[in-house]
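First to last, the protein sequences are chains E and H. Counting from 9, one number per residue, gives the positions in the first sequence under my numbering. Counting from 6, one number per residue, gives the positions in the second sequence under my numbering.
None of these hints come from the bench; they were simulated from the model. What you are looking at is a predicted structure, and each value in this text was computed from that prediction instead of being measured. Heads up, a few of these hints could be off.
[Claimed, not checked] Below 27 Å or equal to it, Euclidean Cα-Cα: the simulated BS3-like pairs (lysine-lysine) are:
1. E:Lys96 - H:Lys309
2. E:Lys159 - H:Lys292
3. E:Lys210 - H:Lys132
4. H:Lys292 - E:Lys311
5. H:Lys132 - H:Lys150
6. E:Lys210 - E:Lys90
7. H:Lys313 - E:Lys311
8. E:Lys101 - H:Lys132
9. E:Lys50 - H:Lys150
10. E:Lys326 - E:Lys311
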Amino acid sequence: MATEIADRKSRFSLGYIILIALAILLVLYGVFLVDDWHQLWKITSAPDNVPIVALLLIVPFFTWLGIRQARDNDQLIERLEKDPQLAKTHHRKTLPWRPGWARELHVWPFLVRIEFLAAVIVTVILFVWSILLDAPLEEPANPNLTMNPSKAPWYFLGLQEMLVYFDPWIAGVVMPSLLIVGLMVFPYVDSNPLGNGYYSLKQRRFAVGMFGWGFFMWIILIIIGTFIRGPGWIWFWPGQNWDHNAVVFDKNRDLHEIIAGWWPAGLGWLGTNWAAKAIFGALVVGGFFIIGGLFFHWLMLWKPTRFSRIDPSLPIHKRIWKWLTTWDEFEKKLLARTSLLQYLTFQFFAISVLLAFPVKLLLRLVFTIKYVWVTPWFNV
Amino acid sequence: MEPEGSDPKVTAKQEEKGTQSTSLTARVREEGLAIKEQATEEIKNLRDPRDTQLWKSIFRVSHDRSDPRNRSLAILSNVFLHLHPAKINRDAVRYNFTWGMGGITFYLFIVLTFTGVLLMFYYHPTKVQAFRDILYLEHDVPFGKLLRNMHRWAAHLMIITTWLHMFRVVLTGSYKRPREFNWCVGVVLLVLTMLLSFTGYLLPDDQLGFWAVTVGTNMARATPMLGSEGPFGPQLGMTPFNDVRFGLLGGSVVDANALLRSYIWHCIGIPLVASIFMAVHFWRIRKDGGISGPAPVQLEAEMKPVKKPSVLVTLMGNGNGAKPQVTTGAKPKEEKRVTPVS
Numbered sequence: 009m010a011t012e013i014a015d016r017k018s019r020f021s022l023g024y025i026i027l028i029a030l031a032i033l034l035v036l037y038g039v040f041l042v043d044d045w046h047q048l049w050k051i052t053s054a055p056d057n058v059p060i061v062a063l064l065l066i067v068p069f070f071t072w073l074g075i076r077q078a079r080d081n082d083q084l085i086e087r088l089e090k091d092p093q094l095a096k097t098h099h100r101k102t103l104p105w106r107p108g109w110a111r112e113l114h115v116w117p118f119l120v121r122i123e124f125l126a127a128v129i130v131t132v133i134l135f136v137w138s139i140l141l142d143a144p145l146e147e148p149a150n151p152n153l154t155m156n157p158s159k160a161p162w163y164f165l166g167l168q169e170m171l172v173y174f175d176p177w178i179a180g181v182v183m184p185s186l187l188i189v190g191l192m193v194f195p196y197v198d199s200n201p202l203g204n205g206y207y208s209l210k211q212r213r214f215a216v217g218m219f220g221w222g223f224f225m226w227i228i229l230i231i232i233g234t235f236i237r238g239p240g241w242i243w244f245w246p247g248q249n250w251d252h253n254a255v256v257f258d259k260n261r262d263l264h265e266i267i268a269g270w271w272p273a274g275l276g277w278l279g280t281n282w283a284a285k286a287i288f289g290a291l292v293v294g295g296f297f298i299i300g301g302l303f304f305h306w307l308m309l310w311k312p313t314r315f316s317r318i319d320p321s322l323p324i325h326k327r328i329w330k331w332l333t334t335w336d337e338f339e340k341k342l343l344a345r346t347s348l349l350q351y352l353t354f355q356f357f358a359i360s361v362l363l364a365f366p367v368k369l370l371l372r373l374v375f376t377i378k379y380v381w382v383t384p385w386f387n388v
Numbered sequence: 006m007e008p009e010g011s012d013p014k015v016t017a018k019q020e021e022k023g024t025q026s027t028s029l030t031a032r033v034r035e036e037g038l039a040i041k042e043q044a045t046e047e048i049k050n051l052r053d054p055r056d057t058q059l060w061k062s063i064f065r066v067s068h069d070r071s072d073p074r075n076r077s078l079a080i081l082s083n084v085f086l087h088l089h090p091a092k093i094n095r096d097a098v099r100y101n102f103t104w105g106m107g108g109i110t111f112y113l114f115i116v117l118t119f120t121g122v123l124l125m126f127y128y129h130p131t132k133v134q135a136f137r138d139i140l141y142l143e144h145d146v147p148f149g150k151l152l153r154n155m156h157r158w159a160a161h162l163m164i165i166t167t168w169l170h171m172f173r174v175v176l177t178g179s180y181k182r183p184r185e186f187n188w189c190v191g192v193v194l195l196v197l198t199m200l201l202s203f204t205g206y207l208l209p210d211d212q213l214g215f216w217a218v219t220v221g222t223n224m225a226r227a228t229p230m231l232g233s234e235g236p237f238g239p240q241l242g243m244t245p246f247n248d249v250r251f252g253l254l255g256g257s258v259v260d261a262n263a264l265l266r267s268y269i270w271h272c273i274g275i276p277l278v279a280s281i282f283m284a285v286h287f288w289r290i291r292k293d294g295g296i297s298g299p300a301p302v303q304l305e306a307e308m309k310p311v312k313k314p315s316v317l318v319t320l321m322g323n324g325n326g327a328k329p330q331v332t333t334g335a336k337p338k339e340e341k342r343v344t345p346v347s
């Protein structure tokens, strides 16, 4: 046990360095880039935003708590895999265990008392919270006076933020449905029999990674929607004044317009003919699905290794190629257990939710492209 | 000890002596003493209420004796606790592992039901009164403000705990066989939790709720085929007066009908549905073998071999189509394209 604890200490020193670096960056941001502290305080201290400020602390804390236990288990797994004899006799947990200890406890009182304690603590937290902070109440509802910004409740801000990147039928209807169904199919597409009932990253790198991708994207969208979107749903950096008269110059071009303009000559019809636009867009979206599928396939099988471990005598492009094509044998074994239906279902949800969203976000925010597929009936 | 008055010998003596020696006052005194004695004894017996018939009729088992049988019975014979097993994995009580978020979510649902019912006493879901009721609640009802605050913050907290519960279940792989279906029930509960919160948002009938619900339901307008502004909606005859948004709001704008619909969904409809799903969710936990862990770690070598590896593994970019050795226990072939790691 002692050595395990020492290992944990050294392992997390890098984490502390990153934390300190982040803290320094935050201070520098505060000193040099925050113009309007009052604005920042107004947003962070609004009672309805308290849960989001809390999320900023709670989510990293529980992520850390989970990862810490996963790391411990991963170390144990590694040890047991190296020593099959130990694997036969070990109790296979990182938790303390002595022969002769009962494997089970009575729920009364050992679990019931914890539940009772949890209920008491939650009640106390709620009382303190409710005494200190009042639930917001605005003016009476007035259809003639639009709130600016008018925001959805914080847990739906992710969807509202999506409205910037997609038309309402995708952001408000299709994406939420895909999210719900995607969550439901999650257990059915994960063909990995390991890692059932214990924290592990080593054995479940891809599954945990994919869920984490979606989960953190959702949290980040909420944070953007709360702290960054101001009047007119304009992007204000934290600390910038929410200027109600701010005007943003948006170019809002569609992809086909850019292509039609770029091409040397003869593609002008792509900007005018509706059928050409529709076919062009369908091809782009189809291509996106193919490239996305290849990307996830690669990501699934890729074994992240240290670049320095790749044979340094090779020329740099070959080294990078080798680094990118180092496959994970364990992930291959998992893929060998995956049916076509599982695979295609996963790919569909991964591409259309996990990938489409950040890609469209980049297209919109960085390249100011509005639609990639324009038809007379719908635009994507 | 028998009371004196009921001793047959004494009574017989008294009768022999006749009326002269037993005056009325003496008899009253004697019987009074007897009543006193019995009453003292009965009160003495009441000192330990657990020996009374009343107590025993309610509580079938003693909760303070620590023998295994009593501890098990404490759980099994209690309707509120019987969803628990009598015994659990010794490590399953560790907060680090479980985070306790599922239980806390359920507790918050109870808190919200309790505070919600109290709030309903002071609230009318009508355009004229709704907002005034909130003002009344905040300024005149004793502890009204506390009640409303608690309802709101518990709702926020419930959403956070639901998410964290889901996050933990993913991290520990607890959605895996045989718990896949229960995960799906959980996803439905997650959606219901957010809808509960959303329908509650409109009820104060203030600007915040009104515009949040306007923004939210405007998206419904764009539902493909069912919304008046969605793809293929107009072609299918959808107008603002018959589409899915109209159905949600009970009108084409957020108004009195929307308030009433929101109220009924919030207070009756969704809680009912959620309760049913919760019952299934909790019942399935037991039926699927209780809490999933902390389970002993499994090793790669212990994965059961598959009979026929999927063709997927030999497709695209896996390095010369080398098949992984999943069917036999033999070592995997060395792949030529893979760079040996250090």
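To test your reading of the hints: which numbers does this structure violate? When the structure is compared with the hints, numbers 2, 3, 4 and 8 turn out to be violated.
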